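A.B. asks: As a plain string of letters, each chain reads:
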Amino acid sequence: MKAIGIYLNNIHKTFLHRVKGEVKAVNNVNLNIEHAKLVTLLGPSGCGKTTTLRMIAGFEQPDKGTIFLGEENVTNLLANKRNIGFVFQNYALFPHLSIYENVAYGLKVQKIPPQEEKQRVNEILAMVGLTGYEAQFPHQVSGGEQQRVALARAIVIRPKVLLLDEPLSNLDAKLRIHTRSDACSNL
Amino acid sequence: MPAFLYIFKKKISTNLPKDPAILLSIIVIWFFLLLFILFPLSKIFILTFEKSGHFTLANILEILGKRNHLQAFWNSLLLATLVGLSGTVLGFFFAFTSVRASLSKGWSKFLDSTIILPLISPPFTTAIAMIFSFGRRGLITYNLLGIKTFNVYGLHSVLFAETITFFPIAYLTLKAILSGIDPTVEDMAFSLGSSRGRVFKTITLPLAIPGLANSFLLLFAASLADFATPLILAGSRFPVLPTEAFLQITGLFDIRGGAVLSFILLVPAFSVFVLQRYWVSRKYYVTITGKAGAQTQIKSVTSKTGKFFLTVCILISTLILYFYVLLFYASIVKAFGANYQITLKHYIVVFTEGLKAIKDTLFIATIGMLLGGFYGVIVGYLISKKTFISRPAMEIVSMINYSLPGTIVGIAYLITFNNPPVIITGTAIIIIACYVFRYGATGIRTTMAILQQIDPSIEEASLSLGASAITTFKRITIPLILPGLFSGLGIVFIRSMTAISATIFLISINWTLITVRILEKMTELELGVAAAFSTLVVVIVFIMIIFINLFLRLFRGPGAIDMSNILGG
Amino acid sequence: MISIKKSFVIFLMTLIFSLVLVWFVGEISIPGQAAEEVNAYSIWPENWARPMFEEFEKATGIHVNFIRFSSGEALARVIAEKSNPQVDVLFGGPVETHSAGISEGVFEAYKPPSYDVLESRFKDADGFWVGIADDPLVFMSNAGFLKEKNLNPPSSWNDLLDPAYKDMIQMADARTSGTAVTRIFTILEVFNRDEDKAFEYMKKLRANVQVYTKSGGGGTIPVGLGQAGAGIFFIVDALKTQQEGYDVVVSFPKEGIGTSTEAIALLKGAKNPELGKKLIDWASSPAMQNLFAEYKINFIPAHPDVEIEPSLAAVVKDANIFPIDNVWAGENRKRIVDEWVEKVLP
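Protein chains in written order, with this note's numbering: chain A, 1457 to 1643; chain B, 832 to 1400; chain C, 931 to 1276.
Extracted from the complex, chain A is given alone in its bound form (with noise of 0.2 Å):
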């Protein structure tokens, strides 16, 4: 799956705050992103990073400006037909579905046969480790090991792009080493 250009154009977007008031989030923002693999935003809490992820992905609306996604003018597309994979800050792994249902979910939404989707569903399992722990629940895995699981899901629909917010914090640094290299590489 080829990753496609990402293109952020004089993007605005203000919050209002309890106690600042009006606080501008993200202030004309330009930013291309193409023939890359992997792109990191650094920055200190509270700099809008996770706001400039969430326009991109679809969650929340720019008030002005445009997000392309290839050819694709996407600023007025709903989320869920962006194709893009997120990874969130918190996992928000689906609490009453098991491990392989959480996975896989995306996969049915696709309409994926059952075949096909066991088939990707293990091998992406197997590429993160947790090969062995379909039937298990989030609530009764640990906490890497959910980070995982919130990888493997948004890896395995082969979205044309993939968002992650703040995705390795909760690993050991060499977890971290090991699952960015595979993310990479099967990106």
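These are calculated hints, taken from the structure and not from any lab test. Predicted model, so just to flag it, every value in this text is computed and none were measured. Be aware that a few hints might be false.
Simulated coverage check for chain C against chain B, where a stretch passes if three residues somewhere in it have a Cβ under 8 Å from a Cβ of chain B [to be verified]:
1. 1000 to 1014
2. 1138 to 1149
3. 1264 to 1271
Away from chain A, derived, C-beta distances all over 12 Å, residues of chain B [as the list claims (entries may be wrong)]:
4. K897
5. K936
6. I971
7. A1044
8. S1102
9. S1134
10. K1165
11. N1170
12. V1180
13. P1223
14. P1251
15. V1347
Glycine included, C-beta positions come from ideal geometry on N, C-alpha and C.
Keeping the supplied structure of chain A fixed, place chains B and C upon it in accordance with the hints.
C.D. replies: Just chains B and C, lined up with the frame of chain A:
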């Protein structure tokens, strides 16, 4: 001018949900809210304030000019205040005992189950039991204590009966608050050298104040709306508003007068609603999460005090149980007070003559439950999770019929739907609609509470994986809300089985309800049959609760949100 | 571990199944719908209305659907439903109720076959209602109470003012009960329509009243049990209490006591007017009224061809009973009841 319109248009378009399914739901919901909540209410307003075509206060003045009505107004307020106070105190006592006095599991369960009884009972239950116990020939006054001149009718009886009936609401509210207070906070104060009494006064009580205020308001509203108990126990010297409104219509066939009286009742009821929403709920300092009765090891009370508290609670629970045993006993003897021969004839009457009422009530309660449950979930979801124009308005309007005394709703429906454009009197629809838009509101509240506990990112995760809003709702939101849905269903069913104050205006030749039959039988002095009907309702409701609890337990497994109680007041 | 979806489906199915079961059981055990049905509000208590309607069905094959309301409630209902009447017939009830209804325009005039033979007080001049029974008021007291207080059964209205009766009298609330309305108009007649004197008396009487009951017969059992000492009731209710074995005594005041016609009327705009008329025909004829004795319903029949049951006749012999002026009562019902609520009740 154009700039203003442009901004207005932009505001609407950015505030309209993009998803067509959501937009449609909102429009449909508003249609029903308008039809079944605002439209009938407006009729009451019109009837109250209009005469010969123009606005006037004359109707109100005329009604309040009658001594009896004015008295009823003050009586209602007085009674409600007293019940609020006594019920809250009693409820707090019970809640404190239950949460802090380190009760064994057995006692805890006993208290919990007896407490629930008054909440799920048909109306008049306490009243009937009290007449049997404290009337002139009452079991307790006459047979036990030999008192011959005790007058069971009046404020004292109504106060007692309503306190017993409503204090469980306070108990449940306060229990949730008390168990939500972080035990480490109290431990901390304790370790700093505070005495137990001081910890209670300076830590526990202040943290519980919002809960106390909320309880008071809930009980105040419940008493204000209570039509059944005063009808039996208040006697002629202590009129109250809901009963007066009822008598005005059904006795003096003065619909306008009844509407005006119910409007007057609306004023304090609405104030309570506003107070609750905008004052009390803002001040909750503790988050209500986790299981009720968390295992706190704090020794808030010495074991001696604990035992004393427990004894008092047990005595009161026993009193409640006694009422129900009495009720059952009255249903199996020939004529309570005269002939104590055991007989099944009352039940035979219930299951022959009363079969239609049973069938009708079950049918309406079940349909109402299903519709009301889903209504609660959908509206709760829309209000919690989606931003759109008129959202705050929808939240308030959906609560209106629930916050109002049933008498008002019943009268409003009677006058609205007996004439064009919508004529549904005499059908089941009018009764079902009344229940759905009244009791469905608890489902809305419960759903909102649960949704607050569900992280929004879970739904966003589903969207990011390509699922539509509807699929997300079906596959993710609903399973997580399900416990709340069940509670909502249960509440609508229970309230439907035990409702009377609104529905007494809505029954017809074609549809009769058990509660109304109970009233009829009481009026015709067939107390045995009334008791039999009441017992039947209690049994049915109990079965439903067990049923629901079973299901709640079945999948209270992975990640389902915990419900600390089935009735939120 | 059952999945959530599955358990929800099971729950739903169980619910629907139970619903269907309940419905089914209900359908087969409730007597099947007769060929024809007529709807009525009955002011008579169910225990009397039901057997009469069953006999009617036996005689004509027409099934009667009814709900029981006290007279005030029934009238309020009928008026509220004016533009869309839910029933065809208003069955029974003291005639002031029907008179009041005439001015509201809820009835349709109909003269059944027996109209001409009925006494004039048993029919409306224009035919808006006909009488089906006569129901005098009586005093009823608890024998044990009388003995205890060393009293004779009350034989005068003034007897009831005796302080011995304090808090021991039960009678009906005029807002909901026709018994009460009849009682109040009786008292007005006893005082020769001097409203001041009449209300003065009622105010004095109020001091002895324990509670005003919602329905006319509401005080009978308390009096029967001794919870109350005495009350004023229709003879049907009083004798029923006696027949059930309660130790009560029936007496009449020498100044006279009123009697009220029990009436039946056809509703304007009724959905089954022909069937309603048949019910009225039957009820106003000996066909129904001969059944009073059989079913121990202590109404005095309105139809002249029906004999009064002997024991009932014995009770009312020598009693000073006078009929209430229906028309006057109907015209002034609201006003008088309002005044009673205002002056006497508090």
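A.B. asks: According to the definition I'm using, a residue is off the interface if its beta carbon is farther than 12 Å from all beta carbons of the partner; does K1165/B meet that for chain A?
C.D. replies: holds, 55 Å
A.B. asks: Over 12 Å from every CB of chain A: does A1044/B meet that, or does the non-interface label fail?
C.D. replies: holds, 24 Å
A.B. asks: V1180/B: least C-beta distance to chain A exceeds 12 Å?
C.D. replies: Label holds. Min Cβ-Cβ 48 Å, cutoff 12 Å.
A.B. asks: Per the stated criterion, does the least C-beta distance between S1134/B and chain A lie above 12 Å, as a non-interface residue requires?
C.D. replies: Fine: 36 Å to the nearest Cβ keeps S1134/B off the interface.
A.B. asks: Examine the region 1000 to 1014 of chain C for residues whose CB is less than 8 Å from any CB of chain B, and state whether their number is three or more.
C.D. replies: holds (count 11)
A.B. asks: Per the stated criterion, does the least C-beta distance between P1223/B and chain A lie above 12 Å, as a non-interface residue requires?
C.D. replies: holds, 16 Å
A.B. asks: Check the non-interface label on P1251/B: least C-beta distance to chain A beyond 12 Å or not.
C.D. replies: holds, 43 Å
A.B. asks: Test coverage of the region 1264 to 1271 of chain C by chain B using CB-CB distances below 8 Å; three residues minimum.
C.D. replies: Holds, because 4 residues of the region 1264 to 1271 of chain C bring their Cβ atoms closer than 8 Å to Cβ atoms of chain B.
A.B. asks: V1347/B: least C-beta distance to chain A exceeds 12 Å?
C.D. replies: Holds, because the least Cβ-Cβ distance between V1347/B and chain A comes to about 42 Å, which exceeds 12 Å.
A.B. asks: Mind verifying the non-interface call on N1170/B? Its CB should be farther than 12 Å from each CB in chain A.
C.D. replies: Non-interface label on N1170/B holds, nearest chain A Cβ at 58 Å vs cutoff 12 Å.
A.B. asks: Classify the label on S1102/B as holds or violated, using whether its beta-carbon is more than 12 Å from each beta-carbon of chain A.
C.D. replies: Answer for S1102/B: holds, closest chain A Cβ roughly 29 Å.
A.B. asks: Beyond 12 Å on every Cβ pair: is that true for I971/B relative to chain A?
C.D. replies: holds, 52 Å
Violated hints for the displayed structure: none, as all numbered hints are satisfied.
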